[in-house]
Amino acid sequence: MTARKKKRRLKIPIIKRAIIHNEAPGTVTYTGKKANISTKVEIIDYNKDHYSRVDSENIEDAFGFESSKHITWININGLNNTKEIERLGEYYNLHPLIQEDIVTTNQRPKMDEYEEYLFIVFKMLHYTDEGDFINEHVSMVVGKDYVTTFQEADGDVWDGLRDRLENAKGRVRNTGADYLMFALLDAIVDNYFSVIETLSGKIEYIEDQLFEDKVEDDITQDIQVLKKEILRIRRAVVPLREVINRLEKTDTELIESRTQNYIRDLYDHIIQVSESVDIYREMIWGLMDMYMTTISNKMNEVMKVLTIMASIFIPLTFMAGIYGMNFEYIPELQYKYGYFVLWGAMILVFFGLLYYFKRKKWL
Amino acid sequence: MTARKKKRRLKIPIIKRAIIHNEAPGTVTYTGKKANISTKVEIIDYNKDHYSRVDSENIEDAFGFESSKHITWININGLNNTKEIERLGEYYNLHPLIQEDIVTTNQRPKMDEYEEYLFIVFKMLHYTDEGDFINEHVSMVVGKDYVTTFQEADGDVWDGLRDRLENAKGRVRNTGADYLMFALLDAIVDNYFSVIETLSGKIEYIEDQLFEDKVEDDITQDIQVLKKEILRIRRAVVPLREVINRLEKTDTELIESRTQNYIRDLYDHIIQVSESVDIYREMIWGLMDMYMTTISNKMNEVMKVLTIMASIFIPLTFMAGIYGMNFEYIPELQYKYGYFVLWGAMILVFFGLLYYFKRKKWL
Amino acid sequence: MTARKKKRRLKIPIIKRAIIHNEAPGTVTYTGKKANISTKVEIIDYNKDHYSRVDSENIEDAFGFESSKHITWININGLNNTKEIERLGEYYNLHPLIQEDIVTTNQRPKMDEYEEYLFIVFKMLHYTDEGDFINEHVSMVVGKDYVTTFQEADGDVWDGLRDRLENAKGRVRNTGADYLMFALLDAIVDNYFSVIETLSGKIEYIEDQLFEDKVEDDITQDIQVLKKEILRIRRAVVPLREVINRLEKTDTELIESRTQNYIRDLYDHIIQVSESVDIYREMIWGLMDMYMTTISNKMNEVMKVLTIMASIFIPLTFMAGIYGMNFEYIPELQYKYGYFVLWGAMILVFFGLLYYFKRKKWL
Amino acid sequence: MTARKKKRRLKIPIIKRAIIHNEAPGTVTYTGKKANISTKVEIIDYNKDHYSRVDSENIEDAFGFESSKHITWININGLNNTKEIERLGEYYNLHPLIQEDIVTTNQRPKMDEYEEYLFIVFKMLHYTDEGDFINEHVSMVVGKDYVTTFQEADGDVWDGLRDRLENAKGRVRNTGADYLMFALLDAIVDNYFSVIETLSGKIEYIEDQLFEDKVEDDITQDIQVLKKEILRIRRAVVPLREVINRLEKTDTELIESRTQNYIRDLYDHIIQVSESVDIYREMIWGLMDMYMTTISNKMNEVMKVLTIMASIFIPLTFMAGIYGMNFEYIPELQYKYGYFVLWGAMILVFFGLLYYFKRKKWL
Amino acid sequence: MTARKKKRRLKIPIIKRAIIHNEAPGTVTYTGKKANISTKVEIIDYNKDHYSRVDSENIEDAFGFESSKHITWININGLNNTKEIERLGEYYNLHPLIQEDIVTTNQRPKMDEYEEYLFIVFKMLHYTDEGDFINEHVSMVVGKDYVTTFQEADGDVWDGLRDRLENAKGRVRNTGADYLMFALLDAIVDNYFSVIETLSGKIEYIEDQLFEDKVEDDITQDIQVLKKEILRIRRAVVPLREVINRLEKTDTELIESRTQNYIRDLYDHIIQVSESVDIYREMIWGLMDMYMTTISNKMNEVMKVLTIMASIFIPLTFMAGIYGMNFEYIPELQYKYGYFVLWGAMILVFFGLLYYFKRKKWL
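Chains as they are written, first to last, in the numbering used here: chain Z, 1 to 363; chain E, 1 to 363; chain X, 1 to 363; chain R, 1 to 363; chain W, 1 to 363.
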């Protein structure tokens, strides 16, 4: 049906970048940009009475905790050494597809339920101090007595949680791995609020500039960047909402019923985040309209100045032109006060036109 | 997949405000703006034959009513003294997450069902006399024989209901806590109608200004403010609609079947509110288009004036210029009536052009 | 989360109109505009062999028909005498909420099923001869052997039905109250087609004006009025569609199975109406775009005239200016035919520019 | 709630056309435009071994085939003689509502299942040679051994099918009435592809004109006509999609299971049609934007010409004006080569400005 | 209802192309553009220990593998020799509708489940080196021990898979025909990422041009081409998503449970593709807005230049005109330094206006 159309060829060059080689599914290849980071392991082992923390660069230090009677949180920073990930995956019996997803940084948020563990993928969002928007790929394996998290690089939003674990604040030390999972996700979602708040600050900054008429040339570009940021936030938030919804409803034995109340609360928060995303998205789209109106208003003002100047001085110039003519007989030229009378007429025309523009509210 | 894109950096400053610290879930921290309000307690205890009212600043006055055989409405004003809320929560056995939600002012409307009570969060909307839009966070615990409401500050929409309670008007004194809950929500939803009506008044005011051509510069800003208001109203209304829908369908023993008819009616009202919100939303978005058309129409008018003035006087000036030349031999200059003939020609051109513009309907 | 934003205050005055007092639910207060109409009662009592009609201003004439073995249609015109409505409601045992809905003119269309009757609210739409759009609130109680209808004022779309009842045309005399209900709703829906047809006439009128370039200034306002009308029609149609859908699926004993075919057909019609509403809505929104294009096209034409006039005469004026200079030595001025040569040059420039604009298709 | 708004009255005349009289449901009144067509009957009676065809203008020739052991296709052309339709309807025991739908040309596509037959309404679309879009109302009754089709006028898309029937090509002669129904619908849907293809040709024609800058004035009108055509096509396609979906899922005994595969294929085709409709719809809406951009680009070009001409010659004219002054003492006027020096200055200014505009890429 | 509208006739010619003849369903007619390609057969027969590959132009070489105990992948290139397809179809007992779908290149992606095999239709997308967008129709029959694929022409995205098959890399040699089916689809979906990446490169190229102000005239056309490409990609992706979703949920015995994990992962990928499509679609639509803003900004700049030049020199020209008049008595003309005083005044006006425009930020 579309076969018969003649093709119009784009004048833009075709850059066939991103040749994604079709590898065997389950191949563990890191696809992110943080490629030179050595893998670090952080192991927090705790229960009501016990707390220990090990920091290491040796993945094998994370082995053997499954037999401890404590809850263990194993946090891996740095995904480019895929061999290490594979060793860990083998030890903890992770499905090859999970291993692939851990290092595939463009994997969207999702949850897979396996018999012995839950596998959850999500995104950690933040702005750098330079204002760049960072979207870090994080995944999490939740087993009976352990949670393993995988991050692309150092630095995360879980310092508050680490503090609570160490100092036995809140409920977290008295509960199982399911509550730890909740607490980790809760920190992620709380952080989304911060990110959205920063974004809303940017939107208001542009709005204020538009309202106070301080707009410089590149605002379209700014708006376009905001559009992309909100779309990327949305891409992190919307699938995570589904994940948490499924977490709330799943009947896995890994999650105790008393944790369900907390997950329900978390679901509430993520819905709130996603509603905010939708609202700010609409606002960003609206900025473009506002900008267009601003441009049109400015053009209107430019046109008015031109019209007023031209409309006043063109007739006056004409009047002067009349008496610059060299006809032999122009009676007015001989009048003694001709020149002054003409000045009077010109001043009349001048104020008449001023009054006309005043009445039109152009002045 | 998006990894290879070069980043464009925004020229706008990044204000990393709103650093939301990830606290342990269930931590009771007030997040609103009304921070210096002392907590007030208002207790109305009634049944068919009995009515008493206590106003106090001591939270403990609200204890002990669970054993009364009357219906008790405990209304708390002021949420910043979180200690008081926690004491009440402890006494009435409220889940820590509920205590957190009571003081978290950006919590969206929701309902949680617990075994012994329902917990409902909603928003009370109103305009101050200065025209500021106020969005007050309110929550409600509905138990077997009592309803507890939590407001950020004094002043609410329940005076009509207090009056009916005191004077035993309407059904409310003859019914249980479930009907009281309905009556409280009904007053909230009725008030939404007022708020929307006020908003519709603003929309019409702007519309009228647009139609009567009295628009001043800052209308984009006004429209933007309206957009934000309608989005905030929507954010209060849409989740409350879900809440009431669930109230209608829940099979909790806390709500008697004869109250269901009233809740169904309430659901009807909230749907009506939310339909109005959608319609006014569309209208506000339409205002921007109307404004753009107004601007374009004005620019058209400006252009016409310029075109008419310039098109008439430029050719005339040219004609005068011709006979201002100093050629030794310009025959017309010697003609006796040359000057007057030229005037005639100029007047012809003048009226010819006027006629032309008239026919084009520019005049 | 939105708490930290500085408020921008609207410059538009806040008119806190529509202070809706929160009355006790079930309070019967007329909210419409037809406040001085005396209540009229019209009672048509019929079966296969019998037909009688009573017109009265006494509500009590409508009592006692429940025991007749005929089908009775009681039509009440005028809702402002709420006392009368309450008396009727008491006699026929109508729930207080129903009595409230009968006189609450902004109640949206809905159906409530009670044990002994169905309660249906809908809207009767029509244009007055002056072109005002009227949205009349109508409600209907359908019992075992009777149908009661409540209208705000005289005049409705049921004269065809009255005629068929009186003259025993069609099926209506041979069937029960359920078929009468269907016939009443069918007339309402048929009338929606007329209303939409009238609206489509208006749309085409504006379209034709736009196409034939006869547009006057106030077309934005016209389009805005059309927008509001279509939104109000939509508000009447969409909930009624749900009502009829539920009527089709309900398993009440009040509706016989042989009437179901007719209701299915009616559902079909209301879907057709609502599809038309959506299409015309889109068309009305499109009118604004068309108008913008028209404005832009006109501005283009204005600009072309200005550009042509200015571009031709400004260079010519310059040429004349050159030879108006008073230099002592300008050789051309002494040439005998200098003046005529210049004229030649000017005519060349004139036609050259004309040709240029012709080639650009501006002429 | 909307009651208090002051009414703005449209300046456009109200044409209360289309007064649709509310007739008794089941009344058979032809509502189309082809009112003077005599009813023609075409009867094709066939089975594996037998084929006969009768063309007649007498509706009674279509009676009596129900007892034949062949499959019978009765095709009626011309619906304005409603008496004939009623006679046929009576003979074949068609429900009054079916008879009404057969002649109600604005009935939307639908399927009604009755015990003895299926009733299907759909639209036959085509363009006349003059380019008018025709939307013909067709209905079909599918019984055990017969299919009856009702068309408004001669001429249809079934000649290929007639050919296959006569020459025993394909499966159709070996199968039952259900396959005939499928074949008839299949031809209708195949024809939709042709119609959409023609429409896409129009869209591309306008696109090409826009791209090659050959646009004349009335393109808004053309786009508006396209919008209406696509909306009418959509109105025929979308409900038919539902019909075919229901046909696929219905468990009527009238359709054999081996025909289900074919209907599933047909459903696939109609989905494809409706996807195309949505895509072309979006394209048509996009045309308007493209046109706006074209207009703006043109205005930009007009403005540039004006700006260049004016910006170059206005300063030059000023320079000439200076030396046209009559001051007694203007030293430059006495210089011998003053005139030529001024020309030099003027040429410098001229080329300087040209260079400036060149650098701005306006030339 | 729409019958009474007067028809407006398009001025554009009606090209009734694409006369699609309604052939009997199941007729095998090739509808694509690659009509002169001889059919090639590639047969890969393998199991854990065995691998053989046959390339042939004789379709019969593909027969007989059903009895082999290996998995067989039969890949057919070239669909225009429909006789060959029919022979294969007959041998493998393919339903006539399947044979039709194999060669109907505009068939949308779908899956049909038959008892002995699954039939899947999808699209292979790629850009040629010249930048043309190619949409190749591919279908696949998945039986117990074999997969047959049908392509329009040579060249596909399965070379990586062929390599893995030959060299026994990955899981594919150890698994059944269901995993082969998955691997084939996985390569298709992976390739969609490449295609989208290329498209995103084009979008960014246009964006960069817009931001760096290098836009040439034909950008509307480029955007329009992008719109069409994204719509065609969407048309390939969205129905395939449904297909894979159904594959995940189907309970056919042809797919082993251990393959389900892989298909779930594939579904995840196709969702990711379709989300990207939606995002880029929105971006492309946004480009048009950005372009409009760019045009308006340029026009603004043009207007400013004109306004500044005209506003400065028109008053100056007027001043010069005054003293070019020939009145007998103009006192200033006799002043000795009149000329220089005037120059002073002119320079004052000049800089005054410059300062004015500076303050307005036009310079």
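Since the hints were made in silico from the structure, they are not lab data.
Please note that the accuracy of each hint is not assured.
If chains are identical, the list can't say which one is meant, so a pair holds when it fits in one copy or spans any two.
Said to hold, decoys possible - In silico lysine-lysine, PhoX-like type, Cα no more than 25 Å apart, as pairs:
#, residue 1, residue 2
1, K336, K358
2, K83, K298
3, K169, K83
4, K298, K34
5, K336, K34
6, K48, K144
7, K249, K228
8, K361, K48
9, K40, K69
10, K227, K214
11, K358, K144
12, K34, K83
13, K249, K83
14, K83, K336
15, K169, K361
16, K33, K360
As the structure is a computational prediction, the values presented were derived from the model and not from experiment.
Quick rundown of the hints versus the structure:
1. K336 - K358: neither (35 Å within a copy, 40 Å between copies)
2. K83 - K298: neither (61 Å within a copy, 55 Å between copies)
3. K169 - K83: Answer is between; shortest inter-copy Cα gap is 18 Å, intra-copy 37 Å.
4. K298 - K34: neither (46 Å within a copy, 41 Å between copies)
5. K336 - K34: Intra 91 Å, inter 78 Å, cutoff 25 Å: neither.
6. K48 - K144: For K48 and K144, the Cα distance is within 25 Å only inside one copy (17 Å; across copies 36 Å).
7. K249 - K228: neither (32 Å within a copy, 34 Å between copies)
8. K361 - K48: neither (77 Å within a copy, 67 Å between copies)
9. K40 - K69: For K40 and K69, only the intra-copy Cα distance (24 Å) is at most 25 Å; the inter-copy one is 49 Å.
10. K227 - K214: both (21 Å within a copy, 22 Å between copies)
11. K358 - K144: neither (80 Å within a copy, 71 Å between copies)
12. K34 - K83: within (16 Å within a copy, 46 Å between copies)
13. K249 - K83: For K249 and K83, neither the intra-copy (35 Å) nor the inter-copy (34 Å) Cα distance is at most 25 Å.
14. K83 - K336: neither (106 Å within a copy, 92 Å between copies)
15. K169 - K361: neither (67 Å within a copy, 58 Å between copies)
16. K33 - K360: Close neither inside one copy (61 Å) nor across copies (40 Å); limit 25 Å.
In this structure, the earlier hints numbered 1, 2, 4, 5, 7, 8, 11, 13, 14, 15, 16 are contradicted, and the remaining ones agree with it.
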